[in-house]
Structures are given as structure tokens and as C-alpha cells.
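Chemist: Construct the complete structure from the given sequences, taking the supplied hints into account.
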Amino acid sequence: MHQLVTKKSTMNQEKHNHIQHLIKQLDLSEHIAQFQSFFSRENSLYIEGDQELHFRYIQALDKLEFQAPPKIAHFYDIKAYLKKRGVLSFEQIFEIVKVVRFFRFMRNRNFDGIIGEWMAKFDIPLQLTEVEKYFSSDGSFEENLDEQLFGLGARIREHKNSIADSLKRLMASKKLSGYLIDSQVHLVNGEETLLVRGGFNHVLKGAVIGRSSGGFFYVSPDSIIKTKEKIRYIEQEREAIFYNYAKEFSAKLAEIQPFINFIDKEFTRFDNYQARTQFASAKNYQLIKSQKDSKIILSGFKHPALHNPKPINVDFSKNILMITGVNAGGKTMLLKSLLASAFMAKYIIPMQLDDTKSHIGSFKKISAIIDDPQNVKNDISTFAGRMQEFSHIFKEKSALVGVDEIELGTDSDEAAALFKVILDDLIKRGQKVVVTTHHKRLAALMADRDDVALMAAIYDEEQRKPTYEFMQGIIGKSYAFETASRYGIANNLVESAKKVYGDNSEKLSLLIERGSQLERELKQKHQKVDQKLEQLAKQERSLKEQREALFKELEEQKAALKRSYEVAIGEAKEAAKANDSRAIHRAMSKANKKLPQHKEEQKLQRNITFKEGESVKYHSQKGVIVAMKKKDEAIVEIDGMRVRVKTKHLKHTKVVKQNPQTELKLNITKRSGLKCDLHGMRSDEACEVLDKFLNDALINGWDEVIIYHGIGTGKLSFAVKNFLKAHPRVKKFEDAPQHLGGFGAKIVTL
1 MHQLVTKKST MNQEKHNHIQ HLIKQLDLSE HIAQFQSFFS RENSLYIEGD QELHFRYIQA
61 LDKLEFQAPP KIAHFYDIKA YLKKRGVLSF EQIFEIVKVV RFFRFMRNRN FDGIIGEWMA
121 KFDIPLQLTE VEKYFSSDGS FEENLDEQLF GLGARIREHK NSIADSLKRL MASKKLSGYL
181 IDSQVHLVNG EETLLVRGGF NHVLKGAVIG RSSGGFFYVS PDSIIKTKEK IRYIEQEREA
241 IFYNYAKEFS AKLAEIQPFI NFIDKEFTRF DNYQARTQFA SAKNYQLIKS QKDSKIILSG
301 FKHPALHNPK PINVDFSKNI LMITGVNAGG KTMLLKSLLA SAFMAKYIIP MQLDDTKSHI
361 GSFKKISAII DDPQNVKNDI STFAGRMQEF SHIFKEKSAL VGVDEIELGT DSDEAAALFK
421 VILDDLIKRG QKVVVTTHHK RLAALMADRD DVALMAAIYD EEQRKPTYEF MQGIIGKSYA
481 FETASRYGIA NNLVESAKKV YGDNSEKLSL LIERGSQLER ELKQKHQKVD QKLEQLAKQE
541 RSLKEQREAL FKELEEQKAA LKRSYEVAIG EAKEAAKAND SRAIHRAMSK ANKKLPQHKE
601 EQKLQRNITF KEGESVKYHS QKGVIVAMKK KDEAIVEIDG MRVRVKTKHL KHTKVVKQNP
661 QTELKLNITK RSGLKCDLHG MRSDEACEVL DKFLNDALIN GWDEVIIYHG IGTGKLSFAV
721 KNFLKAHPRV KKFEDAPQHL GGFGAKIVTL
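Under the working numbering, the first residue of the sequence shown carries the number 1, and numbering increases by one thereafter.
No lab work stands behind these hints: they were computed from the structure.
Hints are supplied without guarantee of correctness; some may be wrong.
Said to hold, decoys possible - With a straight-line cut-off of 25 Å between C-alpha atoms, the simulated DSS-like cross-links for lysine-lysine are: (1) Lys646 x Lys630; (2) Lys646 x Lys538; (3) Lys121 x Lys133; (4) Lys538 x Lys630; (5) Lys622 x Lys648; (6) Lys715 x Lys732; (7) Lys252 x Lys133; (8) Lys631 x Lys646; (9) Lys648 x Lys629; (10) Lys732 x Lys721; (11) Lys364 x Lys295; (12) Lys265 x Lys71; (13) Lys364 x Lys395.
Modeler: Written as C-alpha cells, this is what we have:
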């Protein structure tokens with residue numbers, strides 16, 4: 001049994017070491033460290049159990065607003081003490097109390113769906129409620145609940161006040177004033193002392209506790225020693241009472257060990273969920289999990305280690321992806337991005353990509369052969385070290401393997417034949433491999449297979465530098481000579497190298513280059529066609545929406561007309577029943593009034609466009625367009641004030657342009673109480689709504705408004721504060737009174 005436990009522990013340690021090494025190889029160390037900082041307690045990256053079920057809970061939790069749990073210690077020692085009927089410390093007991101309070105808080109939020117059902121399972125036992133009341137929010141023991149403790153605490157405070165008074169009297173003594181260095185009480189080794197110079201023993205009796213750097217003495221006077229002894233005695237009484245409480249609490253908690261085990265396990269599970277949702281929300285990342293296949297399709301992926309990277313779009317549906325092309329063109333980072341995305345999807349770690357267009361498969365193991373294994377310590381060559389790493393990969397199944405510079409360390413022709421056979425065998429074993437190489441021969445040998453995809457890094461001939469973009473389906477040129485020139489090698493040396501390289505090799509490179517150029521031209525044509533198709537699709541959608549709106553309006557008018565005629569016919573029937581001719585005429589006249597009056601039909605305006613300088617009407621105000629931000633947004637100047645509005649709120653009109661005035665006088669009755677609710681919005685969406693809201697409030701003459709943003713994680717509150725600080729028309733703002741929302745709302749003066 002012991003051997004099995006040891007073997008399992010060794011395997012877990014090896015797995016942990018492999019993951020840590022992989023994180024370092026893929027440049028994910030900083031990203032993972034930031035992610036782990038969102039955990040309430042230290043946890044493994046992997047969530048044990050059904051990944052589909054875990055992802056459902058993570059998605060459900062991501063839609064809710066809640067406060068992150070406090071930092072919680074692991075219950076390993078706590079559960080061990082309770083199992084042996086030991087006595088827990090107050091600190092350990094408070095860790096349990098914190099978990100219970102957090103789950104009670106979440107349960108009282110009455111969430112809907114699976115989160116609400118989960119929280120409803122936490123039925124807190126009476127024993128915990130009895131223990132919990134003795135602890136304040138910061139973990140301090142509520143001494144006022146025990147009369148004896150409260151009395152002892154009062155006595156200690158009295159004695160401490162007595163010590164303070166005694167020290168003040170000593171410092172005010174004329175006999176001692178000549179020996180005092182300063183008029184402060186110094187706490188040294190837990191003792192109150194006075195700092196005096198040599199010879200003090202003639203006027204002060206006490207114990208020397210220490211010496212200062214200047215050679216003076218820290219002395220604790222004898223006059224306070226007896227009082228300190230009394231305090232120590234009282235502290236011992238208090239400690240005895242505290243121990244009895246700890247013993248009593250531990251006995252109660254031992255009775256509910258199954259519940260404590262349950263909340264410990266569930267808190268670890270919740271912590272895994274909340275860390276992912278909070279990290280994704282804080283960094284504006286997406287949550288995506290691995291699917292039950294081996295395809296990798298990335299759209300808009302950005303590696304977290306890069307600043308302002310170009311988004312990666314790649315389709316890695318086949319078994320092998322061979323990446324060729326220009327040196328320093330981003331081939332290695334593309335390889336790392338593919339492996340990193342698979343790693344993060346496996347552990348449901350938030351990342352930056354378009355989750356609606358991306359698809360990441362599932363792999364039992366992810367391995368990277370990136371580093372040069374040669375060093376002084378292991379006494380092994382580069383090629384031998386690579387072969388050693390490949391031998392380990394042959395033992396795996398359903399693995400994703402990345403190999404950077406596969407030809408590293410040996411003859412290119414021999415390596416091409418060897419690695420072709422190795423890659424063929426890996427495919428048979430169900431492995432998925434991404435390779436970077438400069439071996440045109442290896443790429444050509446593998447290119448005829450249907451399950452091999454080619455990808456090339458693109459080189460900008462005009463700018464003479466890599467574009468860090470990739471094109472699928474071609475073998476790329478290395479541009480070694482151009483790269484050498486770019487990094488400082490003399491041009492005459494580069495030209496000599498080209499001559500040595502030979503005409504035939506140059507022709508082959510030109511053919512490859514021409515193929516790449518044709519592919520680029522084809523790609524540009526495809527982009528233009530895609531843009532035109534997208535424009536046509538937008539126009540089609542717009543026409544469809546307009547047609548539906550017109551049809552809806554027509555149906556509403558028909559229904560209104562039908563109702564009017566039905567009322568009129570009813571009046572006419574009532575008139576026909578009357579025998580008196582005058583009554584008939586009066587009833588017919590009344591029925592006629594019920595019919596819709598003839599009005600000149602207004603022509604529907606469709607596809608209305610606006611331009612700078614045009615006169616427009618916004619609500620009841622008239623103004624002039626001074627700038628167009630987007631097709632659907634304009635900046636309008638109204639009586640000297642500029643506002644940003646949607647064009648759907650504008651109407652064409654004609655106004656007499658006036659000369660600009662330096663002063664703006666508004667004779668408008670000031671009012672207050674206007675509200676804006678931003679709950680549930682993202683920061684950028686909330687700022688846009690708030691901008692329009694303040695513009696409307698200024699135009700309508702509001703001098704004070706209230707904005708509700710809630711508390712939540714604080715991200716929305718932070719965005720609102722920054723927006724209000726930067727707004728030129730905001731005089732001041734402050735938190736609302738408690739009855740109007742407190743910290744979750746702002747009163748804004750315009």
C-alpha cells in the first residue's frame with residue numbers, strides 16, 4: 001500500500017514538473033501567475049471531474065455579479081485535528097466561519113438556474129451558527145458576549161491607563177528631567193521604557209531593557225512592574241477562558257465533520273470557477289473549453305506574452321502543420337500560440353480570441369520540443385538531445401507535439417529523410433504535430449500528404465522586413481540573405497554568399513518566391529471579394545429590416561383604421577334604431593366624427609444620410625452638424641454647446657445660422673431627480689449610455705442627476721468615476737446617501 005502511494009505521489013510530481021516546464025516553454029508564466037492571483041486559496045490548474053459540467057457552471061457564474069470570496073486557508077490541518085478530537089485555534093475556527101458566511105451570502109442572493117440550485121444545498125447546522133456569533137467580521141473574538149471576559153478586559157485597560165499615568169508623572173519629574181533623552185515612551189521587547197543617559201540610577205529605579213545606537217539606556221521603571229504583573233495574571237485568566245471556548249467550539253465542530261468536509265470541497269470547486277470568471281472579466285478575456293476532437297481553429301488569438309500582437313488566424317484541422325518562411329518572422333511564436341491555446345482550453349484558462357469562430361480540440365498531453373538540449377552539464381549534443389526527446393513522444397497517445405527548428409543539429413538531407421519517417425509514424429500513433437522548419441526538402445516530402453497542412457511566414461519585399469502574418473497552403477522562403485543584411489552583415493559579404501549559393505538554387509528560390517507572390521495576389525483578390533460580399537450582405541439586411549418596419553407600420557395603420565370604422569358603424573347602427581329623425585341625424589353626425597380625418601399622407605423617409613454643415617433638429621432643439629464620427633453618430637452644435645448623438649434621433653430642418661456667442665445664458669427652471677441605471681452593463685457600453693444621458697440632461701436643463709452603477713467587482717464603478725472626472729460639464733460628484741443607493745450610486749452636479 002505504501003509503495004502504491006509513493007508511486008502515485010511520484011507520478012503526480014512528474015506531471016506537475018512537466019506542466020511547469022511547459023508553461024515556461026510556451027511563455028505563459030506571467031499569464032498563469034496573474035490568473036492564480038485571483039484564487040482565494042492555492043489550487044491546481046486542473047479541475048477534477050466532468051469538464052462539461054464544470055464549464056456549464058463557469059458560464060452560469062460568469063453572467064452573475066458577486067463579490068470575490070476572502071482569502072481562505074486549506075482545511076488539511078483543521079480536518080486532521082477534528083478527526084483526532086483535538087482543539088482548534090481561534091484562527092483555524094475562523095477559517096471555517098469565513099467559508100460558511102460566504103456561502104450564506106451567496107445563498108441569500110437567490111440566484112436563478114444551476115448556481116441558485118447549488119447554493120440552496122448549503123444547509124448550515126445549528127452548531128456552526130452557535131460558534132459563528134462569537135467572531136467579528138475581522139476574526140476578533142466578541143468578548144462582550146462573555147461577562148467575565150468583558151470584566152477582565154476592562155481591568156486590563158485600567159491597569160494600562162495607570163502605567164501611562166505613572167510614566168507621564170516620571171517624565172514630568174524635575175529630578176529625572178536632566179537624564180531624559182526625549183519625552184516619549186519606547187516599546188522595547190514588549191516593555192514600556194524611558195530613554196535615559198548614564199547616571200540615571202541616582203533618581204530612577206528600574207530594569208535596563210536595552211541600549212540605543214547612541215549608547216543611551218532603555219529603562220523600565222520599577223513603579224510599573226507590579227502593575228504589569230497584574231496584567232500578566234489577568235491575561236493568563238483570559239487565555240484559560242479562551243482555551244475553554246476553543247475546546248467547546250472544537251467539540252461542536254467535530255460533531256459536523258461531514259459538513260465541514262463538504263463545504264471544504266465545494267469551496268475549492270467554487271474557487272476554481274470564480275477565479276476564471278473574475279480573471280476573464282478583469283482582463284476582458286474569453287472562456288473556452290476543449291472539444292472532443294483534435295481540430296484547432298484559431299480566430300483572433302493573441303498570445304498573452306506579446307504586447308500589441310497581430311491576431312493569429314489559423315486552421316490546424318489536419319494531423320501535421322509545417323510552418324516555413326522568413327527568419328524572425330514569428331514561426332516559433334505561432335507554434336507556441338497553437339500549443340498555448342490548447343493548454344489553456346484544456347484547463348479552461350481565459351485567453352484572448354474570438355470564441356465564436358474558434359475551436360480547440362482535446363489532447364491527453366501537450367509537449368514542446370523547443371529548447372536546445374545541449375549544455376556542459378548533460379554532456380549531450382543538440383541532435384542527440386532532440387532524438388532523446390522524440391523517443392519519449394513515441395510513448396504517448398493522442399498528444400499535441402510542437403517541434404521548433406526540426407532540422408536543428410544535423411545534416412539537412414539526412415534529417416529530411418529521418419524526420420519524414422518519424423512524422424509518418426507519429427501520425428499513425430494518433431499524434432498531432434506542428435513543426436517549424438527551413439528544410440524545403442522535408443516540406444516537399446511531406447507536402448503530398450492529404451493530412452499535412454503548409455503555412456508560410458510572409459516577407460514584405462518593399463519594406464524589406466517580415467510582416468508577422470502567415471499564408472496557408474504554400475512553402476515559404478527563408479530570406480536568409482535579406483535577414484543578414486537587416487541585422488548588420490556587410491552587403492559585399494551577402495552578395496558573395498549569393499554567388500556561392502549558386503544559380504540553380506537561386507532559380508528554385510525565385511520559383512518559390514513567385515509562388516508566394518501569386519498566392520499573396522490571390523489572397524488580396526479574395527479579401528476584396530469578401531469585402532464586397534460583406535457590403536452586399538449588409539445592404540440586404542438593411543433593406544430587409546426597412547421592409548419589415550414598413551410592413552409593421554402598415555399593419556398597425558390598417559388595424560387602427562379598422563377599429564375606427566367599426567366604431568363608426570356601431571354608431572350608425574344605433575342611429576338606425578332611433579325613430580326620431582333628429583336623433584338619427586345627431587347619431588349619424590356623431591358616427592361621422594368617429595371616422596379618421598383625411599390628412600395629407602407623409603412620405604416615409606428611408607436611407608436618410610447626414611453631412612457636416614447640415615441643419616438638423618434633435619428632440620425640441622435645433623442645431624448644425626459640425627462633425628460625423630461614424631455613419632450613425634454625429635456631433636451637433638446647439639446654442640454654442642456640442643453634443644454627440646445617434647443620427648436616428650436627428651431630423652433635417654432649416655435654421656437661421658447665428659454668429660457664435662462667447663456667453664451662454666439659459667433661462668430654464670432647474671430640476672433634479674433624473675436617474676440613469678447602468679446595472680449589468682460592460683464598462684464601454686455604460687460609458688456610451690452615460691454620455692448620451694448627460695447630454696440630454698444638459699439640453700433639458702437638469703442641474704443634478706443620480707447614476708446607479710452598483711458595487712459588484714468595482715470595475716463598473718471605477719469606469720464611471722473616471723468618465724465623470726473627464727467630463728467638462730460635470731461640476732462635482734459624490735456617493736449617494738444610504739437611502740438612495742449609498743456606494744452603489746453617484747449624485748452628479750452639472
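Chemist: Hint check: lysine 121 vs lysine 133, CA-CA at most 25 Å. Holds or violated?
Modeler: holds, 22 Å
Chemist: Check whether the Cα positions of lysine 631 and lysine 646 lie no farther apart than 25 Å.
Modeler: This hinted pair holds, its Cα atoms lying about 9 Å apart.
Chemist: Would the hint linking lysine 732 and lysine 721 be met if the CA-CA limit is 25 Å?
Modeler: At roughly 11 Å apart (the allowed maximum being 25 Å), lysine 721 and lysine 732 satisfy the hint.
Chemist: Does lysine 295 sit within 25 Å of lysine 364, going by the straight-line distance between their CA atoms?
Modeler: Holds. Lysine 364 to lysine 295 sits at ~14 Å (cutoff 25 Å).
Chemist: Please work out if lysine 364 and lysine 395 have their alpha carbons no farther apart than 25 Å.
Modeler: holds, 12 Å
Chemist: When you check the alpha-carbon spacing of lysine 622 and lysine 648, does it fall within 25 Å?
Modeler: Roughly 15 Å separates the two Cα atoms, so the pair holds.
Chemist: Starting from lysine 646, check that the Cα of lysine 630 is at most 25 Å away, please.
Modeler: holds, 9 Å
Chemist: Given the proposed pairing of lysine 252 with lysine 133, does the C-alpha separation stay at or below 25 Å?
Modeler: holds, 14 Å
Chemist: Next pair to validate is lysine 265 with lysine 71; report whether the Cα-Cα distance is within 25 Å.
Modeler: With Cα atoms ~15 Å apart, lysine 265 and lysine 71 stay inside 25 Å; holds.
Chemist: Verify the proposed pairing of lysine 648 with lysine 629, using a straight-line Cα cut of 25 Å.
Modeler: holds, 14 Å
Chemist: Tell me if the straight-line CA distance from lysine 715 to lysine 732 falls inside 25 Å.
Modeler: Roughly 21 Å between the alpha carbons, so the hint for lysine 715 and lysine 732 holds.
Chemist: Does the structure keep lysine 538 and lysine 630 at a Cα separation of 25 Å or less?
Modeler: holds, 16 Å
The earlier numbered hints are all upheld by this structure, with none contradicted.
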